[in-house]
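Student: Next come the chains, spelled out residue by residue.
2 protein chains.
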Amino acid sequence: MTTVFNDPTQFAHDMLAGFCRLHADAVQPVSGGCVRATDTPEGKVAVVIGGGSGHYPAFAGWVGPGMADGAVVGNIFASPSAQQVHAVAKSAQRGGGVFLSYGNYAGDVLNFDLAQERLNAEGIPTRTVVVADDVTSASPEERHKRRGTTGDLVVFKIAGAAAEAGYDLDGVVDVAQRANDATYSFAVAFAGCTLPGDAEPLFTVPKGRMAVGMGVHGEPGIGEQDVLPSADLARMLVEKLLDERPEGASRAAVLVNGLGGIKYEEMFVLWNDIAPLLEQAGVEIVAPEVGELITSLDMAGVSLTLFWLDAELEDLWLAPAQTPAFRRGSAIATTRRDPAEIEEAVATTYGPASPQSQASARELVAIGQRITQALHEHEAELGKLDSIAGDGDHGRGMTSGADAALAALGEAVNAGAGVASALAAAGDAWGDRAGGTSGALWGAGLRAAAGALEDSSAVTGAQVRAAVRAGLDHILSYGKAERGDKTMLDALIPFTEALEQDSRDLAQAWPAAAEIATTEADATADLTPRIGRARPLAERSVGHPDPGAISLALVVRTAAG
Amino acid sequence: MTTVFNDPTQFAHDMLAGFCRLHADAVQPVSGGCVRATDTPEGKVAVVIGGGSGHYPAFAGWVGPGMADGAVVGNIFASPSAQQVHAVAKSAQRGGGVFLSYGNYAGDVLNFDLAQERLNAEGIPTRTVVVADDVTSASPEERHKRRGTTGDLVVFKIAGAAAEAGYDLDGVVDVAQRANDATYSFAVAFAGCTLPGDAEPLFTVPKGRMAVGMGVHGEPGIGEQDVLPSADLARMLVEKLLDERPEGASRAAVLVNGLGGIKYEEMFVLWNDIAPLLEQAGVEIVAPEVGELITSLDMAGVSLTLFWLDAELEDLWLAPAQTPAFRRGSAIATTRRDPAEIEEAVATTYGPASPQSQASARELVAIGQRITQALHEHEAELGKLDSIAGDGDHGRGMTSGADAALAALGEAVNAGAGVASALAAAGDAWGDRAGGTSGALWGAGLRAAAGALEDSSAVTGAQVRAAVRAGLDHILSYGKAERGDKTMLDALIPFTEALEQDSRDLAQAWPAAAEIATTEADATADLTPRIGRARPLAERSVGHPDPGAISLALVVRTAAG
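In the order they appear, the protein sequences are chains A and B.
Residue numbering for the first sequence follows this note's numbering, beginning at 15 and increasing consecutively.
Residue numbering for the second sequence follows this note's numbering, beginning at 15 and increasing consecutively.
It should be emphasised that the hints constitute simulated quantities derived from the structure, not laboratory data.
Don't be surprised by glycine CBs; every beta carbon is placed ideally from N, CA and C.
Check the hints yourself; a few may be wrong.
[What the hints assert, rightly or not] Derived coverage of chain B by chain A (criterion: at least 3 residues anywhere in the stretch with Cβ under 8 Å from a Cβ of chain A; other residues may be distant): (1) 28-34; (2) 46-59; (3) 282-295; (4) 349-355; (5) 412-425; (6) 441-449; (7) 510-518.
[Claimed, not checked] From chain B, some residues computed to sit far from chain A (all C-beta separations above 12 Å): (8) T142; (9) A152; (10) G235; (11) A248; (12) E358; (13) Q522; (14) R554.
I would like the entire structure built from these sequences, with the hints used as guidance.
Tutor: Encoded structure:
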């Protein structure tokens with residue numbers, strides 16, 4: 015949907031006005047579009063780009079030093095008039111001639127050609143390169159018939175950099191034409207777009223399907239198929255473009271363009287699949303661009319562009335640019351930090367440990383194995399219990415946490431860690447992987463408990479009691495809950511207290527306390543939760559025990575062996 | 015929809031991997047997120063930001079000089095773990111302490127607090143400012159309970175600039191807290207978002223309605239109402255935020271944030287309405303930001319943020335920054351061009367004209383009035399004819415062109431223009447406003463026709479014949495159509511030839527040629543169009559005359575008086 019607008023017939027006008035108002039330091043509105051608000055030297059070739067609206071950042075977003083001198087802004091998905099092109103060119107030109115460039119669509123060709131004829135007749139030397147990069151719209155033999163898509167950005171950037179560097183008009187035309195000839199794009203679309211004020215989309219793609227080779231205004235593509243996973247989509251896009259890889263070409267600027275309705279996160283996922291495929295094919299990727307480069311309102315789709323570089327084109331591609339939507343170069347000088355130094359900062363190391371403490375750590379592994387096994391056995395049951403008033407992920411969270419903790423424990427023991435360090439590592443792993451508030455509290459509790467142990471000695475019964483207390487206290491300090499709130503505390507508090515009050519050997523005291531924890535956990539069935547996001551569903555949980563209390567009781571019961 | 019992904023459970027991981035791969039010169043992946051790949055001085059405060067994924071450019075997009083030193087990247091819409099926060103902070107810190115900042119959500123508060131405690135315990139001084147800017151989520155009296163939204167960008171930018179400038183940890187906390195206290199945001203949402211792998215959206219907003227005050231994860235707002243036009247939406251957003259305008263505040267950074275499902279064009283339209291309202295209220299807008307700043311996957315919505323500045327905060331807001339998604343400052347030095355010079359470039363001026371030519375121009379106005387009136391009378395009929403095989407806009411295009419031409423003609427005559435200049439101005443206006451190929455060709459034809467007239471003398475019959483021929487030839491050179499293709503040429507060619515072959519006075523020859531044009535236009539009913547986008551519908555037009563030929567015949571018939 016296009017949702018935010020006033021009079022839909024004035025959308026392009028209002029959009030341009032807002033854009034120029036926002037970027038008043040960079041662009042000035044003129045009849046037909048906008049030009050740079052910043053000065054350019056007399057005699058510089060003026061690069062004038064343009065086309066219909068609805069494709070931001072194309073075209074107004076690219077006006078500025080290092081790129082365009084002016085952008086002609088037509089109505090939504092409609093060519094600007096010849097009069098607009100003429101007016102913008104006249105406003106932008108500085109005596110060095112005008113270079114026109116735009117995507118290859120019949121209406122644009124007609125209007126830009128009419129303007130070019132008039133400019134030349136007025137004594138302003140004007141030449142054009144029409145962008146034609148969409149491989150699905152015509153065969154390699156008829157590549158001048160191809161539509162212009164993300165190749166626009168390539169050609170405009172090269173022409174803009176050349177003009178900024180002082181190339182004359184013929185020189186700009188030459189590199190721009192070479193850039194166009196070296197640029198290949200391929201797009202897929204997942205959903206259509208809706209024009210401002212329209213209730214229905216301009217075109218549709220069936221849900222779960224994708225149109226292959228569809229144009230930026232919904233022009234027909236070469237087929238339709240099921241949506242592919244990112245890895246397969248990447249392969250399809252890369253293989254199609256490598257089919258037309260020029261002889262000997264190895265270095266390429268690579269562009270992934272989002273058409274509007276897909277998010278940057280999705281483009282990054284796709285890039286993570288595309289880049290290795292290109293590297294495997296021997297392509298050296300130079301200054302890639304991934305983002306919304308040429309959009310089609312809210313159309314969902316994505317395209318890949320390869321721009322094969324020679325030395326001159328690479329220099330121009332890398333030259334600085336400063337426009338509202340495309341920037342290259344930095345105002346801040348930087349040097350690279352040693353990556354190894356960064357990695358070292360969080361490298362896991364364990365302090366020295368006594369053999370006695372190492373032995374206690376090994377015992378902890380055995381306990382951890384029992385707990386992990388028990389949690390897996392009860393995962394479904396815990397999930398079911400949690401789904402009554404929560405989101406049903408407690409069983410999964412507990413097993414994820416325990417699995418990670420056990421792995422970390424094993425690693426620590428193998429590295430010779432003492433019991434305190436090993437338990438801390440286990441707590442960290444649990445907290446990192448279990449997810450949610452309960453996962454964070456389990457991790458924090460285990461880490462606090464580790465603080466009561468020593469790497470220099472075997473674990474004592476008093477230390478275990480102190481460890482459990484430390485864990486409980488830490489959880490209490492963060493958890494914002496208290497006993498009776500139907501949380502894990504309803505088992506943990508009575509367990510801790512029973513353990514502290516029972517002066518027998520741990521071998522007797524722990525199982526007894528665990529029995530109490532179990533009884534108390536079962537008794538939470540009578541409670542109504544006070545806090546947390548499950549509150550609206552609180553009454554549904556009456557009659558069912560709290561999954562957090564149940565799982566805590568299960569852990570301490572299992573730990574006893 | 016979220017469409018491009020592999021294993022949905024790995025989406026956040028794959029996204030971060032792709033992002034770090036793309037921006038390898040700027041960021042380095044570390045356990046828990048990413049940090050700057052560039053060097054920072056020993057003793058600098060490390061600014062560590064973070065939160066759940068799905069909000070790009072928040073948070074990884076803001077790592078770099080002038081902003082964050084590291085970003086902690088949680089799962090989609092989920093807090094990162096305390097272990098992630100700890101690891102990123104350890105990787106980023108350079109001995110000057112760690113400044114943590116993130117949006118105010120319970121899970122983030124828990125995990126960042128746990129990490130802060132651990133960092134402090136390890137001897138790394140760590141302090142936090144929690145961002146709380148969403149005015150609808152708590153009252154002014156409880157503003158610490160507000161959710162963090164676009165205020166994230168404000169607080170991170172201020173803290174980042176302060177740390178870069180060498181502020182110590184307490185100094186960074188002080189300005190960041192002041193920035194947070196001076197920041198107010200208000201959001202509306204038009205549609206929900208869909209998590210990767212989910213078939214249904216996380217939440218929905220009824221079509222045509224908007225949720226007022228909804229949070230970035232779909233948290234409940236304060237109401238729901240019909241979607242407003244941009245101007246009314248702007249007023250609603252501005253008024254709400256000005257309600258909490260601090261005493262004496264006048265300068266403000268202003269941010270318009272798109273949540274994902276609305277386009278930059280829509281945000282520019284909204285900005286065009288927001289900026290004047292703020293200016294009317296005496297707000298001086300400083301370096302505004304309009305764009306996708308903190309998104310929620312594909313959620314459609316928009317928010318306004320006011321950040322009230324004092325001198326120190328303004329300096330920090332304007333300081334350079336160089337991150338993948340937020341940049342301030344330019345690698346290219348620029349100076350402003352004189353705006354008047356740009357405006358002069360296309361100012362309309364007319365050359366000197368003889369009284370005789372001016373008289374002919376006045377006659378042209380009378381003819382133009384008749385033509386315009388006739389086209390308005392036939393607009394519906396032409397539209398209906400066009401809708402058979404085209405998009406039905408021919409009547410509207412012709413009246414728009416004629417109206418604009420008549421206005422330009424009147425302006426030219428009032429300015430003392432001769433007939434050639436006046437007709438050229440009329441042609442330009444027609445071509446600029448009529449739209450489509452036929453509008454462009456009408457404009458071009460009229461301008462070419464004007465070339466056969468003189469500003470120094472009255473129009474002669476021979477000149478009129480030459481003008482019509484010049485117009486036809488120009489259209490033929492661009493139109494790519496020929497007689498028999500069912501276009502306006504099927505009337506214009508016989509009209510031109512009849513006029514040339516009829517040696518009588520124009521007063522007799524023109525009406526006779528116009529009759530022939532009319533007959534030939536009617537005869538296009540027997541033709542099938544060969545070209546143009548109407549081709550698939552070609553057969554539907556058989557039996558109906560071509561609207562372009564019919565309107566041309568109407569114009570020349572009416573011109574005769």
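Student: Which of the numbered hints above does this structure break?
Tutor: Numbers 5, 7, 11, 12 - these are the hints that the structure violates, sorted from lowest upward.
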